[in-house]
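Just so you know, the sequences run in chain order A, B, C and D.
Everything in the first sequence is counted per my numbering, starting at 1 for the first residue and increasing by one.
Everything in the second sequence is counted per my numbering, starting at 1 for the first residue and increasing by one.
Everything in the third sequence is counted per my numbering, starting at 1 for the first residue and increasing by one.
Everything in the fourth sequence is counted per my numbering, starting at 1 for the first residue and increasing by one.
If you are wondering where the hints come from, they were derived from the structure by calculation, not from laboratory data.
Each residue gets a CB set at the ideal place from its N, CA and C atoms; glycine is no exception.
Estimated spans, in silico, between C-beta atoms of each pair:
| hint | chain 1 | residue 1 | chain 2 | residue 2 | range |
| --- | --- | --- | --- | --- | --- |
| 1 | D | Leu3 | C | Ile34 | 51 to 57 Å |
| 2 | B | Leu65 | C | Trp299 | 37 to 43 Å |
| 3 | B | Leu47 | C | Phe320 | 49 to 55 Å |
| 4 | C | Thr104 | D | Met8 | 17 to 23 Å |
Anything over 12 Å on all C-beta distances counts as not near chain D; from chain C, calculated:
| hint | residue |
| --- | --- |
| 5 | Ile6 |
| 6 | Leu10 |
| 7 | Lys11 |
| 8 | Ile34 |
| 9 | Ile55 |
| 10 | Pro187 |
| 11 | Arg203 |
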Amino acid sequence: MVSLTHYLALGAIVFVIGAAGVLMRRNAIIILMSIELMLNSVNITLVGFSRQWGDMTGQVFAIFIITVAAAEAAVGLAILVSLNRDRTALNVDEVNLLKW
Amino acid sequence: MIELAWLIPLFPALGVVINGFFGTRYTRDNAGHIASLMAGLSFLVVLGIASEMIFGSGGTHTIHLWDWISAGKFSVSIAFLIDPLSTIMLLVVSGVGFLVHVYSVGYLQGDPGYPRFFTYLNLFMLSMFLLVLGDNYLLMFVGWEGVGLCSYLLIGFWYEKKSASDAGKKAFIVNRIGDAGFLLGMFMIWILTDSLTYSEVFQAAPNMTAAGATAIGLLLFIGAAGKSAQIPLYVWLPDAMEGPTPVSALIHAATMVTAGVYMVARTSPIYAMGPGALEVIAIVGAVTAFFAASIGLVQNDIKRVLAYSTVSQLGFMFIALGVGAYATAIFHLMTHAFFKGLMFLGSGSVIHSLHHAPVEQQQDMRYMGGLKSKLPITYWTFVIGALAIAGIPPLAGFWSKDEILANAFFTGHYFIWGLGTAAAFMTAFYMFRLIFMTFHGEMRVDHHAREYIHESPYSMTVPLIILAVLSVVGGIIPGFPLEGGWIHSFLAPSLAKGGAGGHAASEAVQFVRVAVESGGGHEGPTAIILIILAIAIAVGGIALAWFMYMRNPAVPDDLASRFPGLHRLLLNKYYIDEIYEACIIKPIYRLMNSLWSFDANVVDGAVNGASLVTLVSSRFSGIFDLKTVDGAVNGIASMTKFFSQVFKFIQSGMVQNYLFVMLLGIFMMLSAYLFR
Amino acid sequence: MIAELIAAFLKIALVLGTISLVVAYLTYLERKIIGHIQMRMGPMRVGWHGLLQPIADGLKLFLKEDIIPSKADKIVFVIAPIMVLVPAFVVYSVLPFDENFYITQVNVGLFLVLAVSSLGVFGIVMAGWASNSKYSLLGAFRSAAQMLSYEIFLGFSLIGPLMLAGSLNFQNIVRAQADVWFIFYQPLAFIVFFIAALAETNRIPFDLPEAETELVAGFHTEYSGMKFAFFFLAEYANIMAVSTVGIAVFFGGWGGIDAIPLPGIVWYLMKMAVMIFVFIWIRATLPRYRYDQLMRVGWKFMFPLAILNIFVTGLVKFLFL
Amino acid sequence: MELLFFYMFSAGIIGASLLMVTRANVIHAALLLVLTFFFMSGIFILAGAEFLAVVQVLLYAGGIMVLYLFSIMLMNVEVSVRLRQYHRQSFFAVAASLILIFEVWTVLGRGGSYPAFKGFSWQLGATPGNVEALGSVLYTKYLFPFEVASILLLAAMIGAIVLAKRTIDR
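Build out the structure end to end from the sequences listed, making use of the hints.
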């Protein structure tokens, strides 16, 4: 029998995989995709809770998360495309003007 | 009518939308008319509400519009509070605001940023209404930040002028310091009372500890000091005179700078629980009143004299708050809005008439003089304003200012009373020095500009006349008899009763009223003597100004030769400035230059703030407190240096490092959960 | 349990087998019809009137050398045709063929069809990219943009009928048309649907991803042998699937005229034949759109139309039903 | 049966996402991410969220990932394949991640037993659909967030256009 713990554990594992991807990759696109993965892991937990309590709220918020992910992907990719114009590779650790 | 309160901020919002989006293309030349119409409509609504409040039932009304934030226990709604206090504030804001709108139509005619100006002005009205109307601290904070933003935008309205944009930035940064205090105070309120809505907070206020209430009071006062230009955060206000003059009248004299006074008065139930904070407010207010007035004595820029006068008068209001006489503070706020708005608009009229003089001479009183015959309406209204601020009965200033001093005296704050009285004397002196230098004597205006001097158009003089009338009757109608006027009973439901300061004040009020009405009593003669002394001081200040600048213009020089030390001190102000520049500011700039590369975000704000503070305070305070400023500046610099040394390692600029730290944070939180 | 499983497998096998067979003969049909429209005979050599032509073609493709370009991304190159074919077949799992003849019923049937058919674009994009050829890549780009855009109109056009039926389940949608077909209520939706369907299946006049004359067959330029056959199989399977959706949503599915008592499946096949004939007819008649025209038609014409249709349907339903 | 499918899908998700995170070729990573999304939609179906499962395929796989592929193809992928792939802090990141997983695991283990699922049946084709329930909640209780989400999408759209548009020099 699948229990809530299964969903939560799966969500946590996927989240951490995504987080590790964000933290260790240099390629900006893969980082963006890892973020998508993290967002999706939240969806898993939300759906798990939704099922646990027989309440639609979790699924509603999963839909909102997908919306946000779409927005994030659009803007993120737009930034990358414009970054790509003056750099050969999209390595995040070369984009370090955030200091000073 | 009261339930229509939501219309008040709606009209300016409409104006912002119209002028903001369509201003440059469609409403260009009519932007002023649209904005004035919106301000006027708001004023009409306010009038309706006020008449209902004053002649009708009064009381406290909450107009709940919608829930804004609702998260667990924390809930804030967009709701408007109409009570006597906000009614008075609404009247002042919308009334003076409307007049300034009308005035600006004439004053800014032909400016390239004409629609932009009115967009900002309407935005300011919107924010100020939110500030005054909000029924909780968060909404007030929204308005508070809004007026701060508008102040910044309007000071820097002529942004192509470096000094104007710098002044705007300075105002913004200094205000941020105060806002941080306000925010912290708000957090404290939430922690202690679980609410930000006034009614709930004040219900819980009597259960606060004195320490908690004092902490809240002091934090909120930091915010109030920033917005209302009190020591040590007053430095932005004189520079704010770089903005257009109507802005100075509306924002930096009549309304926005009094937001701090309003906030303290609004929070009076909390202050009543923390009398320590009130003492601090009273002392800061008195020192500010004295300090600013003394600076005002030597200024030559017409608007700067008024600016220091504003700082000084705000100090008076804080004295009143500090001694627990909240109603008197609001009363003075109102009368001050009338006469200071009048004088700013009058000075605007003078500057407007000197349109063709060289830029650096337009505001300099040494290049004016003899304008009385050319600008009769401006002159006479200005004189009324000056008499009002000097405290000549029966004009407005007398009633409110005298109540403040009497309250200070009878609550036992003799030192504060002394400072206030000295400040009042100086006020009378420098105001009439201003009048004599500007309107009397021989004309020193540039020859080319002379033929262009003319009285301003009706859209500018009519507001002056209206404000002059208000300056005459604005004190006696709500304020007579002294200490027992109508305004006190009207405001009473909104303000704290009891508590340490409040209690003392109300006793004093009783006392003075007895003194006035019976003309005697146990210590009755003291009250009468105080009143007579106040009048004498005002007359004395005027007379001294007349003696030094009209009767015997040689006296200043004579004095200078007789007291060479004092003379040099006053005259060599700029020489001292240069010493400061060389000794403190230059090394600091060098230090900062080596530091700024580490962390502009942290250092830059602090450095500019610190160096600006140094710069400005050095300009006028060298006479007063060389050592204090020196220590503080070096302290700030070394503190910044220390922190930037620490923080520069954190700022690697790589997103992933930041994210990693974030992950570590999650890790720690989970660990805390695991091992708790 | 086991009996159910066997029945399910039988159904799946039947449907897939039929589709594969029909697809083979669809190519023949297309060539024949176009030939006759263009006043020629079409394939005539293999068998009577070329009837065995598809089998010969299939045999040829099957025996042909399977070339993978040396610079291609091998894995993606191999997966791509499968990625095209699988969604095309998965769609059939929820399509209605008769009252009681379907593989499965899903609550979100219509939605599932849209979702799965949108995956076809992956295969095309993968094929285009993996071939490492500029024609293929250009074809893939065009296809991605085109299919993403027209998928939206396709979905939007189906919302109107959906609101009338009140269900996403195909069986229910068809049952809701027992009296009147939705084509009569929703002509606008059908027009949008049909145009979008043409674009979704990369048919003329929207065959820009392939565009033999400019892109040398576009995304499948580098493919040969069975992989090439997969693309074709998928294309025709898609045409049939989209026709089935159209029939189910607008033409009453298996329902027919009461006066003529034919089994539902026959009605369905008849409608299908008409739909496919129209597809081929259009191919023989219309020229290809230019890329910018394609986008303009989509976003400036079809999209507002679809929205308008939804709005009007909602209004009418709210006011009168 | 349900448990079996759950483990299958979970293994798929974890395997595919691990591969995705480690690929040098961005296209492969994107395709693996699509695969992950498929498995996730399988998980959603198991949890009775069929609408969400379809949305996952339609929007994520069919929409967002195509956008990704599209953008990747516009950029120069070959260059980045030959570069160093991992950030200098990788080791710490992985170590922290592992510890984090361990911690989550412990927390979950402590969580104890939950009450039985109130859940909805996950049989396909069951008549009272999950779509109606979702819709009725989405368009009543969460109408405002829904509208805000649409505004967010609009803002993102405009932002993306502004960002990605080439500035035309006049």
